[in-house]
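Using the sequences and the accompanying hints, generate a full structural model.
These are the residues of each chain, in order.
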Amino acid sequence: MSGSEMNKVENLIYNASQFSNSRETVMQFKMRQNQLLPEEYWKKLLEIKKTAVKNSEHSISKVSWCFETIGHIHDEYIRSYNQLKEGDFYDSWCSLEKCETQISFLDDHFHDEKDEFGIDYIRNYVEKLQSLFPYKTFISPGFTGKRRCSICNEMITPRNCCEHENGEIYDGEMCSKIVTDMNILEVSIVDNPVQKYSVINAEKHNHELLKYLIKKFSSPWELWDYKISKKLVSKYSKIGRNELCPCESGLKFKKCCLNEKKEIDHYTFMLNKN
Amino acid sequence: METAEINFTEELTDTSFSSVINSCTEDSSFKDEIALANILVAPYDIPIDTDDKFKFANKNIFPVSTSELFRYLKQKAPEEIKLDIATKDEDYLELAQHSDLVNLPTIIVSTIVSPIVVGLITNYIYDSLKVEKTTIKSEIIVSDSNGNNKSFKYEGPADQYELTMSKIFK
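Just so you know, the protein sequences line up as chains A and B, in that order. First residue of the first sequence? That's 106 in my numbering, and the numbers climb one at a time after it. First residue of the second sequence? That's 88 in my numbering, and the numbers climb one at a time after it.
Hint data in this document are derived by calculation from the structure and do not stem from the laboratory. Just so we're clear, the structure is a prediction, and the values are computed from it rather than from any experiment. A portion of the hints provided could be inaccurate.
Derived lysine to any residue pairs resembling SDA-like cross-links, with alpha carbons at most 25 angstroms apart [said to hold, decoys possible]:
| # | chain 1 | residue 1 | chain 2 | residue 2 |
| --- | --- | --- | --- | --- |
| 1 | A | Lys301 | B | Leu188 |
| 2 | B | Lys224 | A | Ile244 |
| 3 | B | Lys161 | A | Asn265 |
What follows is the structure in structure tokens.
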């Protein structure tokens, strides 16, 4: 999208009168605490979009899409918070992934530079929360297929293609490519998947770190941070050189684990309750 | 942040314009058509397993988004470039892989146009992919007038591609 079009969209997002209710609702995101957006928010945007499409007001339909996407980002973030509170860790992980995806969609069309809609706040805390999940390996498929345009349904081939650009907004809908004739070739275990939903044995992981943190929260909009330091495993910290080694090898500590650093990551959380 | 490693190799290869053209189709008129190219986008070289486990093996499989790269090159290439892709549109298939890695298709080029191609691919990475922090994988095979073919493989950060390749393709 060109710089001038982005400015036009930004101007409409901040100033267009038909979006005043939607704008006010999403700007007051912290007031909603852990409540999802009301049904009226979505209904109103849909009405505006339908009218804009009918009147060929492309910028207005695009702005409707932007407000819908901001709404999805807020709702997924709040949903992930509620799921963490309920102990539904994998569901919370998936909501954070959806949140991250929606932010990447919005980035091509609108930058919330003053963070009035909380997009940068959410971006920052999605990343922080994700880093505290114990999920490091994922199942991911490799497949062949053909792709169609989601807007006009035309097949994408090297020599023929519709004019719709991936990620661009047409009549208030984002253009994406739909895979057809899919044939799964293999399934791999990877640490850098395209999508992060397919966690291996999610329920068997240790979520104590998240449990500890989320207990301290009274709102999804807490300001917090953490740092990691190395700490000696406690059973190794007060052992004399000539005592038996805690690893139960039967050897003296000095002849066994003394020179091996038995350290673990120690997380210090900082919460700003002001 | 970890510094991503760059894996760059340069070696002779048996893959050439003619080997790709001969293996991609039985249709002689299509072979004649793509033989005019001095830049040819080649499909994956997927082996057909003898015990029939890999029935999917197909000579028309390209990395996902090859269509977009092909059209970008078509739009941006100067007139002396004759670009083609070694598949018919109706046979064209894409392979989406599991990891967050951008695979570019193998591109065979004649020596004289190789610096132009590298420049165009670099621009494509910056203009279209917008993924400076992503790892990309690319292979360019340069075919000289004596029939020698040299493969240049790059796997590493997208933002280091230009620097690495420009040392070779001046």
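Each hint tested on the structure:
Between Lys301(A) and Leu188(B) the alpha-carbon distance is near 14 angstroms, which keeps this suggested pair within the 25 angstroms criterion. The straight-line distance between the Cα atoms of Lys224(B) and Ile244(A) is roughly 21 angstroms, inside the 25 angstroms bound, and the hint therefore holds. Among the hinted pairs, Lys161(B) with Asn265(A) is consistent with the structure: their alpha-carbon atoms are about 12 angstroms apart, no more than 25 angstroms.
Hint compliance for this structure: every hint is met.
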